[in-house]
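> Each chain, letter by letter, is given below.
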Amino acid sequence: MRTTVLIIGGGVTGAGLARDLALRGVACVLVDKQDVNAGASGGNHGLLHSGARYVGSDPMAARECREEGDILRRIAPHCIEDTGGLFVAVCGDGESYIADFPGLCAKSGITATSLDVKTARDMEPALSDRLIAAYAVADASVDPFKLSLDNIGQATAHGARFLPWTQVVGFRLDAGRIRAAILRDAATGREYELEVSLVVNAAGAWAGRVAALAGPHVDLVFSKGTLLVTQSRITDRVVNRLRPATDADILVPGGTVSILGTTSVRIPDPDDCRPTIAEVDQIIDEGAAMVPELNSTRYIRAYSGVRPLFGKTSAGSGDRAVSRGFALLDHARDGVENFLTITGGKLTTYRLMAEKAADLVCAKLGVDAPCLTATTVMPPYAGGRWTEPGLAPRRWLKATDPTDSILCECEMVSKSVVDDIVRTMPPQSPGYTLVSIGLRSRIGKGPCQGGFCSIRVTGHLYDTDVVQGDQGLAEIRRFLDERWRGVHPILFDFPLLQAEFQEAVHCGLFGLELVLENGNGKGGE
Amino acid sequence: MTVQSLPRHDVDLMVIGTGLAGMAAAAMAVRRGLSVALAGTSGESVYASGLLDLLAVHPVKDGRLWDDPFAALAALAADEPGHPYARLDRPGIEAAFAAFTAFLGEIGLDYHGHDGKNAMVLTPVGTIKHTYRVPAGMWAADAGIRTTPPALIVDFYGLKGFSSAQIAQTAGVFWPGLAHVRLPFPGGRPAPYPEPMALALESHKTRQELAKALSPHLRGREMVGFPAVLGIYRTRETLAALSELLGTPVFEIPTIPPAVTGLRLKAAFEEAMPERGVVTFFQKLVLGVRAEADGFACDVGWSSAEAQVRARGVILATGRFFGKGLVPHRKGVIEPLFGLPVVQPAARSQWHRDRMFDPAGHPINRAGLMTDDRFRPLWADGQPAFDGLYAVGSILAGHDWTRQKCGAGLALATAYAAVEDFAGRR
Amino acid sequence: MSLFAVILWICLAVCLGGTVWRMARWLLPDRSLAVPGLPPSGALAALLRSLSWPKALSAAPRMAFTFLFDILFQGHLLQRGSLWRWVMHFSLFAGFSGLFFFHALENFISRPFFPGYEPTLDPWQFLRNLFGAMVALGLGIALCRRLFVRDLRRTSRFEDFFTLALIGLIIASGFGLEGAKMASPAAFERMAADYYPTPDAADLTALRAYWATEGGMVFPVESLPREAVTPEILEKGREISEMSCAPCHSPPGSAFVSAPLSRVLSRVLAPAGAGLTDGLWWLHVLSCLFALAWLPFGKLFHILSTPVGILLRGLDPGEAAARPGMAAPLARAVGLDACTHCGICSRHCSVLPSFLALGTPEILPSEKLLSMRRLAGKSGKLTPAALAAFSEGGFVCTECMRCTVVCPSRINLQDLWLVSKREAARLGHPELAVRLRSYGPGVWETLARRARPVARTLAASPSLLDNPETFACCVQCSVCTGVCPIFRLPDIPAAEVDVSPHQLMNLVRMGLADHALSANFLWNCTTCYKCQEHCPQGIRVADVLYELRNLAHSKVEAAARAGLLDDMAARPQATGDAP
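Protein chains in written order, with the numbering used here: chain A, 2 to 526; chain B, 47 to 472; chain C, 417 to 995.
Among the hints, erroneous ones may be present.
To be verified - When the alpha-carbon atoms are kept at most 27 Å apart in a straight line, the in silico DSSO-like pairs for lysine-lysine are as follows:
(1) 330/B with 258/B
(2) 416/A with 399/A
(3) 399/A with 108/A
(4) 370/B with 715/C
(5) 330/B with 370/B
(6) 330/B with 946/C
Unchecked claim - For each label pair, taking beta carbons as the anchor points, the in silico distance ranges come out as:
(7) 68/A with 382/B: 36 to 42 Å
(8) 112/A with 389/B: 38 to 44 Å
(9) 279/A with 426/B: 22 to 28 Å
(10) 336/B with 100/A: 55 to 61 Å
(11) 773/C with 382/B: 35 to 41 Å
(12) 389/B with 268/A: 21 to 27 Å
(13) 773/C with 399/A: 32 to 38 Å
(14) 279/A with 192/B: 48 to 54 Å
Because the hints were derived from the structure by calculation, they are not lab data. The model shown is predicted, which means the values in this text are computed figures rather than measured ones. Note that CB positions come from ideal geometry on N, CA and C, so glycine has one too.
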């Protein structure tokens with residue numbers, strides 16, 4: 002196998018780069034050791050920044066956010082819910098920042114409309130009655146999964162290839178150039194070579210490890226951010242705390258839920274990225290100061306993303322002060338001629354990062370083609386549309402087909418949607434089907450967190466011959482284990498009841514915890 | 047409305063909770079000639095699979111399965127002295143099972159099992175469930191798993207969460223002769239949920255239509271498995287009639303709870319309890335209990351008290367988190383009715399392990415009430431909370447019923463022990 | 417021909433013509449009252465055909481009893497109304513009948529059949545006053561009830577008061593006329609000139625003195641000097657009076673209303689003299705004639721229609737509302753006309769609380785009947801708003817039959833309501849539930865797009881739909897669906913159980929309440945509350961379903977007001993029970 006450019010990392014940067022190169026006519030293959038948005042691209046608020054958040058710390062980033070936000074609204078309106086946003090301060094928040102804020106916004110060209118407290122609370126009744134200041138800004142929420150899937154969708158439509166569950170385990174170098182990458186299929190373990198002209202390392206927090214496979218050293222620090230998903234949508238607009246950026250100060254509505262976060266915790270290893278109970282408690286306590294309802298609402302899950310921060314910093318908790326801009330490294334200076342690393346950055350400015358990287362790729366390849374990503378509309382990719390909350394039930398209600406029964410009751414995803422996803426997603430290795438379907442839909446994202454739908458969807462996959470033998474047991478186990486990561490830190494009150502019920506079914510009745518240890522759970526004789 | 051004007055009942059024993067433990071306690075107390083009141087919401091009996099586990103796994107972290115539950119019990123008692131089973135002996139446990147299955151037989155729910163040996167049934171994901179006493183409808187599966195004759199698994203179009211293909215293929219690993227077929231439900235009429243299907247199959251005409259539709263698929267099949275929809279109120283008749291129509295043994299595979307299997311128990315209990323003279327408050331909660339000189343005064347109602355029950359003794363069978371016997375707040379677990387101390391991990395970070403299917407199980411599942419050997423809950427200082435208060439079933443500390451497969455046995459045996467102790471003191 | 421005669425003939429003609437027209441509508445009822453599949457015009461023939469001789473003979477005693485007890489004695493009012501109502505209406509009925517037959521028709525009844533009849537002789541003079549007083553009493557009670565009984569005030573309309581006022585005018589002008597005549601010296605002088613033509617002024621003065629003392633007349637001083645009244649003169653006057661006046665004039669004392677009235681009048685209005693008498697005569701006559709002409713067009717028509725209705729129902733006394741026969745259109749048409757708008761039905765209506773909450777008058781039977789009368793009169797020319805209100809009334813009605821049981825006019829209201837629902841449906845306004853469920857997902861989606869996003873917090877709205885806490889504790893166990901009796905029906909079509917209770921809960925939780933409204937099941941829910949009672953988490957499932965229905969209602973109402981529904985091709989789906 003061969004291709005021109007290998008992009009490592011199926012996050013939004015890699016996906017955006019694949020689209021950029023494909024639109025310029027450069028052949029490329031995108032690989033990820035897991036699936037789309039497995040790293041920071043999937044572990045964030047899904048917030049399309051107006052830029053107002055950075056007016057104090059990074060005016061340049063603020064301006065970029067504003068410009069890129071406008072571009073995304075043009076090229077991918079279907080990924081964006083233009084909610085608008087508020088910046089609010091409550092009693093005790095620093096007066097000087099509140100006073101400086103409008104001036105700083107104006108300086109970066111960002112519109113921030115002052116609201117009186119009563120108007121703000123009329124707009125968002127969930128806001129605390131201890132509000133002292135409020136500004137309206139042009140924040141929006143964006144579906145990061147849809148965004149990446151749509152990027153990949155347009156890229157593949159222009160000849161790129163996407164290989165999920167494919168890990169780069171090594172490179173074959175010759176005379177300071179990478180000749181081929183050695184790829185491993187995560188499920189089967191099969192390894193094979195892909196000959197390449199150039200490699201872009203967009204592996205995010207794992208960029209250091211990937212770079213090391215070819216030799217160069219990339220110095221990253223890892224900052225974990227944890228977020229909580231509520232069962233219902235608490236506010237209609239994005240709500241930001243009007244103070245210098247700190248923990249748990251943004252509440253982003255996304256479809257039918259709200260997302261509260263985030264923390265910033267230095268971790269030694271990006272694989273060590275799990276939300277902890279201490280973080281959850283801290284997020285709830287902080288968020289409730291802004292929106293008191295957050296104290297009593299039901300949470301669905303927690304998740305973490307790991308931000309790769311480039312460049313050494315002094316020790317301590319000052320990670321927010323480290324540039325959240327991106328780094329584009331040409332490893333020619335490290336002695337590898339055809340190897341680039343791009344890491345860091347923000348979801349909002351992913352397209353700009355991809356453009357800069359693609360410019361460099363084209364320069365190195367000697368390709369003379371302009372970037373088209375800012376002007377080419379990105380059509381909704383069929384395989385990506387089902388991540389939109391509420392779309393599946395709306396379609397289902399409209400179709401009134403009594404044979405199309407609902408498999409995921411919480412988010413009301415029916416058989417036909419699962420069939421559609423199976424039809425459009427790349428071939429999956431055995432044991433990863435259910436997880437991949439979950440990634441491309443709302444399945445498992447409701448209150449049951451997979452307890453019921455894992456069984457129903459697996460049954461349907463057997464019925465449609467997508468899953469065979471006793472593969473279903475591994476599918477359910479992997480899916481529930483993956484869900485557990487997010488449920489585990491919020492297991493109190495109702496989620497704990499739900500988890501207990503789930504354990505009664507999956508362990509008490511099915512004995513799934515015994516499956517690996519005792520073959521099919523027969524044993525005992 | 048003043049308290050004085052509420053209807054008042056005076057009984058020997060108030061049973062709080064209508065899950066398996068509560069129902070068993072009430073049934074056993076009536077058998078001992080006690081006057082009984084029983085209160086609880088639809089309770090966990092709707093969520094029951096109908097299977098009566100005793101003990102199948104020990105130690106949990108090794109996932110070791112036991113064929114002989116009593117041998118497992120001996121090992122468990124030695125390894126885990128804090129387990130409620132460690133306070134019980136084999137004759138008591140056997141008597142509890144005998145008394146309860148006899149009671150179930152009286153109310154139309156037949157149970158089978160091996161002497162001193164666990165039985166096996168199929169689950170809807172195609173695994174084997176090891177259990178002690180099996181409802182008649184699922185009993186043939188035990189022989190099927192042991193002898194693996196050519197068999198047919200049947201399911202119906204529209205019935206969610208139950209795939210005969212999945213069961214046949216997954217169980218095919220150890221039962222190679224499994225075929226599967228999906229049929230339109232006979233008549234194609236009821237809504238595609240287990241309960242309406244089960245009701246429809248209580249009609250002989252529906253069964254005949256089903257048998258007719260199945261006949262082309264039966265050649266060479268020595269056994270037929272169905273989702274657990276063979277009747278709710280007349281399971282005995284439904285099962286026998288269908289088996290006769292098909293000419294083969296028939297077995298049920300439980301569906302995802304809450305399911306028909308639980309509904310059968312609930313329906314039978316709710317009919318049997320009042321018939322046996324139990325003062326029942328179904329769909330009602332015990333809102334508050336006051337200890338009095340020679341017993342307890344319980345306020346029973348939904349949002350406000352609707353009746354008062356005075357009882358010499360109280361059996362607390364309110365279950366764990368799902369049953370609301372224990373309430374897991376962010377800062378800790380409490381027992382809401384009496385405010386009894388709950389044995390629990392020191393911090394929430396220790397409640398659960400990082401993986402759902404961690405072989406060792408989650409520590410929070412072993413939280414619960416500490417009792418003395420007579421199953422009277424204790425205050426923190428180790429003294430019994432009240433003389434006539436007992437705690438039975440899953441609310442007890444020290445067990446992991448989902449992993450150990452001991453939920454029903456725990457409920458029955460502790461209920462039996464508590465009732466015997468209370469009755470013996472009279 | 418005198419002016420009076422011209423007016424009389426015109427009024428008679430109008431009355432007769434109107435009556436014929438109204439009665440013709442009984443025989444040729446509007447097709448909205450027809451029994452499906454049968455021509456409405458054959459109703460009378462069918463009725464007559466159904467009356468075989470043996471049947472008629474067996475019905476005769478019952479009919480006679482009905483006529484005597486219910487119609488003449490008005491016993492139905494005692495049975496189904498109250499004592500006050502009976503006193504009120506029997507006074508009106510008996511008093512007015514007496515006045516009509518013996519006073520208004522004196523030339524046709526009193527004079528030919530009672531020799532020696534003179535209106536000014538007792539007992540006639542006394543009776544006339546008695547009848548008049550009875551009517552006045554009835555009017556007084558009626559007015560007080562309409563004004564001071566809350567339930568009646570609610571359903572009283574202009575026509576009710578107008579009718580009372582008209583009768584009151586007739587009675588008042590009658591008494592006034594009689595009183596004015598008694599007090600009028602001009603009338604005295606005319607009578608004296610006709611019946612006591614004496615040139616003796618002293619005798620005339622004696623007669624004057626006697627009438628002034630005994631009859632309360634007031635004479636001008638020049639014709640009856642004050643000093644002329646002495647016992648001797650009075651005695652003389654009495655003799656003359658007994659000789660010349662008494663044969664035709666009973667003592668005025670028996671006119672127990674008019675006589676006292678005359679004294680008042682004579683003091684107050686003496687100067688008006690003969691002009692007053694003439695004026696009152698015209699007022700009395702014109703108000704009577706107006707009432708005559710108006711009779712077929714207003715609620716006074718019940719004088720004819722109610723007895724006919726009662727007799728018709730007497731033929732088939734069972735409460736056989738559900739089995740309308742061939743003759744039903746006739747009974748329905750008569751029933752519509754027989755309503756006196758007395759308001760009893762509305763006082764007893766089971767869904768009175770719904771009216772108090774919603775305020776649509778057509779929820780009350782007495783008001784719905786008025787709408788239906790208009791509908792049957794104009795064949796569906798009601799405005800869309802009126803039709804919608806009419807349909808809403810039909811929807812809220814529980815068909816409990818209370819109104820039919822209490823109706824003093826014995827109208828088979830239950831049958832009329834069933835017809836009204838059918839008719840509203842035919843005109844595109846079926847029962848609310850049927851109408852709402854006929855809107856497909858497309859309509860609701862369009863309406864949802866127009867909706868402002870709701871503020872999903874408890875603080876903003878007390879509704880369960882908007883409150884995220886409503887479903888916070890749902891564990892997705894679907895017990896609510898498992899216990900639903902609708903889902904347990906053995907042969908329910910799949911389309912009727914398209915979205916289950918727990919699915920509706922999930923749609924609401926996801927903020928798709930607007931979209932959930934297209935579920936057929938929403939309208940099949942019996943609100944038995946089993947789901948809510950069995951929910952292990954205490955979620956108010958049935959209450960949420962109620963809120964969804966109310967949401968559907970309010971959305972459609974709002975859209976209809978804004979004229980939006982017409983644009984949307986809201987094609988009714990096949991629902992089975994929609995006509």
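> Taking the hints in turn, state whether each one holds.
Hints versus structure:
A C-alpha spacing of about 45 Å is found between residue 330/B and residue 258/B, which places the hinted pair above 27 Å, so the restraint is violated. Among the hinted pairs, residue 416/A with residue 399/A is consistent with the structure: their alpha-carbon atoms are about 15 Å apart, no more than 27 Å. This hinted pair does not check out: residue 399/A and residue 108/A have alpha carbons roughly 49 Å apart, beyond 27 Å. A C-alpha spacing of about 66 Å is found between residue 370/B and residue 715/C, which places the hinted pair above 27 Å, so the restraint is violated.
Pair hint residue 330/B plus residue 370/B holds up; C-alpha atoms about 13 Å apart against a cutoff of 27 Å. The straight-line distance between the Cα atoms of residue 330/B and residue 946/C is roughly 14 Å, inside the 27 Å bound, and the hint therefore holds. In this structure, residue 68/A and residue 382/B break the distance hint of 36 to 42 Å, their C-beta atoms being roughly 56 Å apart. Here the CB-CB span from residue 112/A to residue 389/B is close to 58 Å, at odds with the stated 38 to 44 Å.
Range check, residue 279/A to residue 426/B: Cβ separation about 27 Å, and the 22 to 28 Å hint holds. The beta-carbon spacing between residue 336/B and residue 100/A, approximately 59 Å, falls within the hinted interval of 55 to 61 Å. Against the hinted window of 35 to 41 Å, the Cβ-Cβ separation of residue 773/C and residue 382/B comes to about 38 Å, which satisfies the hint. Distance hint check for residue 389/B and residue 268/A: the Cβ-Cβ separation is about 33 Å, which falls outside the suggested range of 21 to 27 Å.
Hint check: residue 773/C to residue 399/A, Cβ distance near 34 Å, so the stated range 32 to 38 Å holds. Remark: the range hint 48 to 54 Å for residue 279/A to residue 192/B is upheld by a beta-carbon distance near 50 Å.
Violated hints for the displayed structure, listed by number in ascending order: 1, 3, 4, 7, 8, 12.
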